[in-house]
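Go by the hints and put chain B onto chain A.
Chains as they are written, first to last, in the numbering used here: chain A, 13 to 352; chain B, 13 to 352.
Don't read these hints as lab results, they were simulated from the structure.
Any given hint could turn out to be false.
One copy or two, it doesn't matter: identical chains are merged, so the pair holds either way.
[As the list claims (entries may be wrong)] DSSO-like, lysine-lysine: derived pairs with alpha carbons at most 27 angstroms apart:
1. 317 to 187
2. 233 to 187
3. 187 to 100
4. 311 to 158
5. 204 to 268
6. 285 to 158
7. 104 to 311
8. 285 to 268
9. 47 to 192
10. 233 to 95
Protein chains: 2
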Amino acid sequence: MAQEMNRQVLLASTPDGMPAEGHFTVAESAIAPPKDGEILCRNLFLSLDPYMRSQIAGRHMSGSTAPGDVLKGETIAEIVESKHPDFKTGDKVIVPGGWQTHTTLVPQPDAPPPMATRRLNPAVYPMSLALGALGMPGLTAYAGLKHLGQPKAGDVVVVSAASGAVGSMVGQFAKSLGCKVIGIAGSPDKCKWLTDTAGFDGCINYKDEAVADGLDRLCPKGVDIYFDNVGGEILDAVSWRLAIGARVILCGLISKVNSSEPVVGPSPGAFIKARATVRGLVVYDFWDQMDEMAETFMKLIEAGKMHFLEDVSDGIEEAPAAFVRLMNGQNHGKTIIKLL
Amino acid sequence: MAQEMNRQVLLASTPDGMPAEGHFTVAESAIAPPKDGEILCRNLFLSLDPYMRSQIAGRHMSGSTAPGDVLKGETIAEIVESKHPDFKTGDKVIVPGGWQTHTTLVPQPDAPPPMATRRLNPAVYPMSLALGALGMPGLTAYAGLKHLGQPKAGDVVVVSAASGAVGSMVGQFAKSLGCKVIGIAGSPDKCKWLTDTAGFDGCINYKDEAVADGLDRLCPKGVDIYFDNVGGEILDAVSWRLAIGARVILCGLISKVNSSEPVVGPSPGAFIKARATVRGLVVYDFWDQMDEMAETFMKLIEAGKMHFLEDVSDGIEEAPAAFVRLMNGQNHGKTIIKLL
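Here chain A stands alone, though its shape is the one from the complex (with noise of 0.2 angstroms):
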């Protein structure tokens, strides 16, 4: 019988802009057996996520990927052979697997949250969840709305990359709380599915519409809170845009992830202006609140008011190609790599 093999996705070479299937290559290798205090993972889920872009830049806070590294990331798995006395085969934990099948590693329940070693919480059902709107996706828009927005009913919440695994979040949290939401998405489809669905009160579709004149429409008397997922145009028709006392909740930089070229930020005319009040949000900071965010979250999900969409692909294999469609925005929902 032949031995298991570990197949892994390394990076091939670093993309100078938008990553292609080709800057990646599928190896394999030899599963290491765990060493004493070591844990023997099979990977079942892998998330594949936008600060990714920025690991491959060698620009992000969690850590550098150059060409010929395993890919990192978050994923759900099953011990399959424990050498730690915390662990025992079979205990489901989430592990900064990387993408490949297999890991093998030290656990640390105490490192800082992207290498640390988490016991999966038993309630969430779908397990994928974990890695989505009840994992750091979900963590990313519970405390940066709760903390940074502050928000309060009757409230216009805007936010970007809406129907992404933050995105989606924020503004069902935020109905949940009483605001009145209005999405911005690219795609008829996306749009679609955040009114007709996750309930938000209006979309934009940057693509086949200014977002300006979106806001004008939908936000006549401003934006009360922005949770910004992407940065450069948008951020900037939507700073100028802001309710007097407005809150921003700087998130992420999809639109400039895979640019070379300065990036740049509003003017602070825009913040003076609207007395804005402007904060950079790491999720990392607020991980205490995880099972928080999950209780509140899973019970809006139990009662219908919170929906949530995966992007799942079958095998490791696939991961190149679904973290391009991440990239170019073609996802829908939370990009999940499937390896059951």
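Relative to the frame of chain A, chain B by itself:
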């Protein structure tokens, strides 16, 4: 005996870029006798401020100034004739007097700040401080640092345009609260005054040293509070050197106010990295703290812990040249036109 006339400075033409004296013209008109409900003011001191450039460009929240208009501005005035029951001849007031020797107006104590008439605080000495250190610029420094900056002892505070009417008060107020204060200014003389007289801990002459290098030298652990009066490259340089949890106060854009090019700000990435809180400041929002500020700052002045610089020119016909110097950063301290 010749009739006394009202000498005025009018905008002759709208500058495209840096204003020159030729964009202004001096004129005379008859002094308008007050009607019922009006007061006739003889202006004693006129305040020149950077925001006037934005009024000339037609993009300031306090109103615009078109060719042929008398320039707007705050003055300290003595009432020479009153037909308003609440004011009498000899009262000293601060009014929207404009660039002229005499102003006839309906006093509006409850109007929004730039149009309001208020009584001169008799404790303010010298009187001209009511336009600078103990006036709108002082309030800008006080409210911005206190409420938006939330300083605590030991914080590293950086302020740009540091020898100006606002910046010099920001730094000295921060010193009184136990902060370490670094100024950014544009000449050796300004830096010398800031460190030797105003008690700043250090000063970066941005014409002599890259601001980034100066910050690395003087603030190796990063910047906790940045009070920005300039925008542009200096804002960008400081934004990438913020400490975790930093506060940025956006107060003005003097580096860009004479440019017709689109103004941009720092990449959101700088603020995300630092988990910064960036807030836009409009001093009008804090008008009710004017007396509290004056009391606080007067105590510091009396204790020898706060110093002020005034750049005083004599006579209304000097206003255009003084304003051009202000725009070119050639002023030393608060720009005042003495009309006594």
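Check: Between residue 104 and residue 311, at a C-alpha cutoff of 27 angstroms, which is it: within one copy, between copies, both, or neither?
Finding: within (23 angstroms within a copy, 65 angstroms between copies)
Next item on the list: Could you figure out if residue 204 and residue 268 sit no more than 27 angstroms apart (CA to CA) within one copy, between two copies, both or neither?
Entry: Within. Shortest intra-copy distance 26 angstroms satisfies the 27 angstroms Cα cut-off; inter-copy 42 angstroms does not.
Notebook entry, point to check: At most 27 angstroms between C-alpha atoms: does residue 285 with residue 268 qualify within a copy, between copies, both, or neither?
Noted result: both (25 angstroms within a copy, 16 angstroms between copies)
Notebook entry, point to check: Between copies, within a copy, both or neither: which fits residue 47 and residue 192 at Cα up to 27 angstroms?
Noted result: neither (54 angstroms within a copy, 51 angstroms between copies)
Next item on the list: Please work out whether the CA atoms of residue 285 and residue 158 approach to 27 angstroms or closer within one copy, between two copies, in both situations, or in neither?
Entry: Answer is both; intra-copy 24 angstroms and inter-copy 20 angstroms each pass.
Next item on the list: Give the relationship of residue 317 and residue 187 under a CA distance limit of 27 angstroms: within one copy only, between copies only, both, or neither.
Entry: Answer is within: at 9 angstroms inside a copy they meet the 27 angstroms cutoff, but 52 angstroms across does not.
Next item on the list: At 27 angstroms max between alpha carbons, let me know whether residue 233 reaches residue 95 within a copy, between copies, both or neither.
Entry: For residue 233 and residue 95, neither the intra-copy (60 angstroms) nor the inter-copy (41 angstroms) Cα distance is at most 27 angstroms.
Check: Is it within, between, both, or neither for residue 187 and residue 100, if the alpha carbons may be no more than 27 angstroms apart?
Finding: Neither way: residue 187 and residue 100 sit 41 angstroms apart in one copy and 57 angstroms across, limit 27 angstroms.
Next item on the list: Go through the copies and call it for residue 311 and residue 158: within, between, both or neither, with a Cα cutoff of 27 angstroms.
Entry: Cα proximity of residue 311 and residue 158: one copy only (17 angstroms, versus 41 angstroms across).
Next item on the list: Evaluate residue 233 and residue 187 at a C-alpha cut-off of 27 angstroms and name the case that applies: within, between, both or neither.
Entry: within (18 angstroms within a copy, 41 angstroms between copies)
In the structure shown, a violation is registered for the earlier hints numbered 3, 9, 10, in ascending order.
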